[in-house]
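S.K.: Chain by chain, the residues:
Protein chains: 2
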Amino acid sequence: MVEVVLKANLETIEAQISELQSKKAQLESLLEDIYFQQRLAQKAVIAKNITVIGGAGKLGSLFVRVLTQLGHNVSVFETQDWPNAEALLTNQDCVIVSVPINLTLSLIEKVAQIISPDTVLADLTSIKVKPLQAMLSAHAGPVIGLHPMFGPDVADIEDQVIAYSEGRNTRACQWLLDDLSILNPTLYPVSAENHDKAMAFIQVMRHFSTFVYGVHLKDEDPCLRELIAMSSPIYRLELAMIGRLFAQDSQLYADIIFSNPDNFELLKRFQQRYQSGIELLESGNKELFKQSFADVNLWFGEFAEHFLEESRCLLEAAHQYRVK
Amino acid sequence: MVEVVLKANLETIEAQISELQSKKAQLESLLEDIYFQQRLAQKAVIAKNITVIGGAGKLGSLFVRVLTQLGHNVSVFETQDWPNAEALLTNQDCVIVSVPINLTLSLIEKVAQIISPDTVLADLTSIKVKPLQAMLSAHAGPVIGLHPMFGPDVADIEDQVIAYSEGRNTRACQWLLDDLSILNPTLYPVSAENHDKAMAFIQVMRHFSTFVYGVHLKDEDPCLRELIAMSSPIYRLELAMIGRLFAQDSQLYADIIFSNPDNFELLKRFQQRYQSGIELLESGNKELFKQSFADVNLWFGEFAEHFLEESRCLLEAAHQYRVK
Numbered sequence: 001m002v003e004v005v006l007k008a009n010l011e012t013i014e015a016q017i018s019e020l021q022s023k024k025a026q027l028e029s030l031l032e033d034i035y036f037q038q039r040l041a042q043k044a045v046i047a048k049n050i051t052v053i054g055g056a057g058k059l060g061s062l063f064v065r066v067l068t069q070l071g072h073n074v075s076v077f078e079t080q081d082w083p084n085a086e087a088l089l090t091n092q093d094c095v096i097v098s099v100p101i102n103l104t105l106s107l108i109e110k111v112a113q114i115i116s117p118d119t120v121l122a123d124l125t126s127i128k129v130k131p132l133q134a135m136l137s138a139h140a141g142p143v144i145g146l147h148p149m150f151g152p153d154v155a156d157i158e159d160q161v162i163a164y165s166e167g168r169n170t171r172a173c174q175w176l177l178d179d180l181s182i183l184n185p186t187l188y189p190v191s192a193e194n195h196d197k198a199m200a201f202i203q204v205m206r207h208f209s210t211f212v213y214g215v216h217l218k219d220e221d222p223c224l225r226e227l228i229a230m231s232s233p234i235y236r237l238e239l240a241m242i243g244r245l246f247a248q249d250s251q252l253y254a255d256i257i258f259s260n261p262d263n264f265e266l267l268k269r270f271q272q273r274y275q276s277g278i279e280l281l282e283s284g285n286k287e288l289f290k291q292s293f294a295d296v297n298l299w300f301g302e303f304a305e306h307f308l309e310e311s312r313c314l315l316e317a318a319h320q321y322r323v324k
Numbered sequence: 001m002v003e004v005v006l007k008a009n010l011e012t013i014e015a016q017i018s019e020l021q022s023k024k025a026q027l028e029s030l031l032e033d034i035y036f037q038q039r040l041a042q043k044a045v046i047a048k049n050i051t052v053i054g055g056a057g058k059l060g061s062l063f064v065r066v067l068t069q070l071g072h073n074v075s076v077f078e079t080q081d082w083p084n085a086e087a088l089l090t091n092q093d094c095v096i097v098s099v100p101i102n103l104t105l106s107l108i109e110k111v112a113q114i115i116s117p118d119t120v121l122a123d124l125t126s127i128k129v130k131p132l133q134a135m136l137s138a139h140a141g142p143v144i145g146l147h148p149m150f151g152p153d154v155a156d157i158e159d160q161v162i163a164y165s166e167g168r169n170t171r172a173c174q175w176l177l178d179d180l181s182i183l184n185p186t187l188y189p190v191s192a193e194n195h196d197k198a199m200a201f202i203q204v205m206r207h208f209s210t211f212v213y214g215v216h217l218k219d220e221d222p223c224l225r226e227l228i229a230m231s232s233p234i235y236r237l238e239l240a241m242i243g244r245l246f247a248q249d250s251q252l253y254a255d256i257i258f259s260n261p262d263n264f265e266l267l268k269r270f271q272q273r274y275q276s277g278i279e280l281l282e283s284g285n286k287e288l289f290k291q292s293f294a295d296v297n298l299w300f301g302e303f304a305e306h307f308l309e310e311s312r313c314l315l316e317a318a319h320q321y322r323v324k
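Quick mapping for you: the protein sequence lines, in order, are chains A and B. Under my numbering, residues 1 to 324 are what the first sequence spells out, in order. Under my numbering, residues 1 to 324 are what the second sequence spells out, in order.
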């Protein structure tokens, strides 16, 4: 009897919470809109003519949406528009290149022949050294490289990181950064070289290691269901991080991983360290292992504890999202 | 003005939600207790005398708490109790060994000399073949191996996985499994051999690869702050998963990784596949890469999509838990 009453109470409370939460979401969205309008009024955006090449693609269309929201006149340029390229690409204030990596360099050369000398030329490629070099050598006007550090499935760019590398005449590109900042992303300035070095870790090493781990699992062929059934929350997360890669577009990952042969050296050094690690295991020297462990702890500094705390919250959340 | 009203409304709603959520938590806890009492009444636990060796440790004390909650008479046995071992360990219905891996085998031998022939001997070690062999050869009575697949910081064992491997006379151990099941864990039966093979992936490979990645980062020495600043949500998660290891006890991980030299072969095969992967990159053969990618996708089957969906929810949650 008590149980029935408690269950009814619980259901009522859950319904109330759900109703309040949707009200809350409405209010937040209204407030966000007010704040956005306030920032928009303060910064007084001057409407520019912007063309996004590849603007029908996933990432391109996100930028079309965002720049339109800011009050710019944004045009989409796709493959079928090349016959009218002269008319469409001249007299633009800004042309943004958002095409797959393997097409970027040749496209930049083609585009630079057409655009006006004072057009801001920008790209959204996930590497920065080569596209920036290509833009600087093919175009005499203002140049800036952008790299949005998020997938195209985000709702908006608020709180998301956009790395940018200066090319030429940054003052002439500043309006683009200023206007984007109205939407509250984190704009992160970084040299193209440092950007690409960081990406060697963040993208190339990560995706390549995940790829090899997937191949390893397939070749070892353990029972996946049994592995999942016995997974600790953290290993389940790891399995999910591996499995998710292979549900995606292999061309995209091939392009990222093969993009820069300079990165292969980093992978080779990892492989050598993996081998040294195995030799350490075979020597049975636990003290040396613990010394290495302590050295890495020191390298991570305060972040080791931060990450432990962060992942603790996250693993609790992960437990709820499990696919049963 | 509108803004002020909206903000006040939002605060009111947030307070209401927070109040309702704490009411909800109270109700849920009451209901859980009722369900627990119902299951307890149905199963009619017969109070047994249980000693947990290492019961003052993290995992041991969790089991002391859980078994006491079920109505058993649970004693803690620690190093200082050895002088009274005869008195404390004989005539127990069950003795559970919960000590660090590197002490488990010798401790089992010592304990088995003392306990009564019909005592259920169990262990909580994260490997199963060797402890089970040790228990079977040193003790003539009922034997069962348990491996709780979670850290000792969980609030309770509901929904958590406990793998178990049968040793001898499982019927005489059944009450222990039945009683634990009152608390709604997932009890997962698995042979000691299959358990250890799965753990080679779930623990040894995972922890070892993370260790090597940490060493790699330390030796390459990129700017960690810059890496974090530019991380996509998924790479931030990876960094957190690496960093968290090094905030923990190196002895524990040394023990797990060094525990079984048979596992080193698995690591070597991974290393060989890593090398083959690098050779594939150097050959520039993207088509072969994409073919491998497709093969692994096939191996993951429906789980590839499941994991993508699961990680999508999780990455949204992760975005909130970031340490800024």
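Check before you lean on any hint, since a few could be wrong.
Only pairs whose alpha carbons sit at most 27 Å apart, straight line, appear in this in silico BS3-like list of lysine-lysine [said to hold, decoys possible]:
(1) B:K48 / B:K23
(2) A:K58 / B:K290
(3) A:K268 / B:K7
(4) A:K58 / A:K48
(5) B:K24 / A:K7
(6) A:K24 / B:K130
(7) A:K58 / A:K23
(8) B:K218 / A:K268
(9) B:K290 / B:K130
(10) A:K130 / B:K290
(11) A:K268 / A:K218
(12) B:K218 / B:K286
It should be emphasised that the hints constitute simulated quantities derived from the structure, not laboratory data.
S.K.: Indicate, hint by hint, whether the structure satisfies it.
M.R.: Results of checking the hints against the structure:
Taken as a hint, the B:K48 and B:K23 pair is broken in the structure, with Cα atoms around 37 Å apart against an allowance of 27 Å. Note on A:K58 and B:K290: the hinted pairing holds, with a Cα-Cα distance of about 21 Å set against a maximum of 27 Å. Taking the CA atoms of A:K268 and B:K7, the gap is near 55 Å; set against the 27 Å cutoff, the hint is violated. Between A:K58 and A:K48, the direct Cα distance comes to roughly 22 Å. Compliance with the 27 Å bound is thereby established for this hinted pair.
Only pairs whose Cα atoms come within 27 Å are accepted, and B:K24 paired with A:K7 is accepted, the gap being roughly 10 Å. In summary, the hint linking A:K24 to B:K130 is not supported, as the alpha carbons are separated by about 56 Å, beyond the 27 Å threshold. About 31 Å separates the Cα atoms of A:K58 and A:K23, which puts this hinted pair outside 27 Å; it is violated. Between B:K218 and A:K268 the CA atoms are separated by roughly 16 Å; this keeps the pair inside 27 Å, and the hint holds.
At roughly 42 Å between alpha-carbon atoms, B:K290 and B:K130 are farther apart than 27 Å, so this suggested pair is violated. For the hint pairing A:K130 with B:K290, the CA-to-CA distance comes to about 24 Å; that is within 27 Å, so the pair holds. Proposed proximity of A:K268 and A:K218 is supported: the alpha carbons are some 22 Å apart, at most 27 Å. With a CA separation close to 31 Å, the supplied pair B:K218 and B:K286 exceeds the 27 Å bound.
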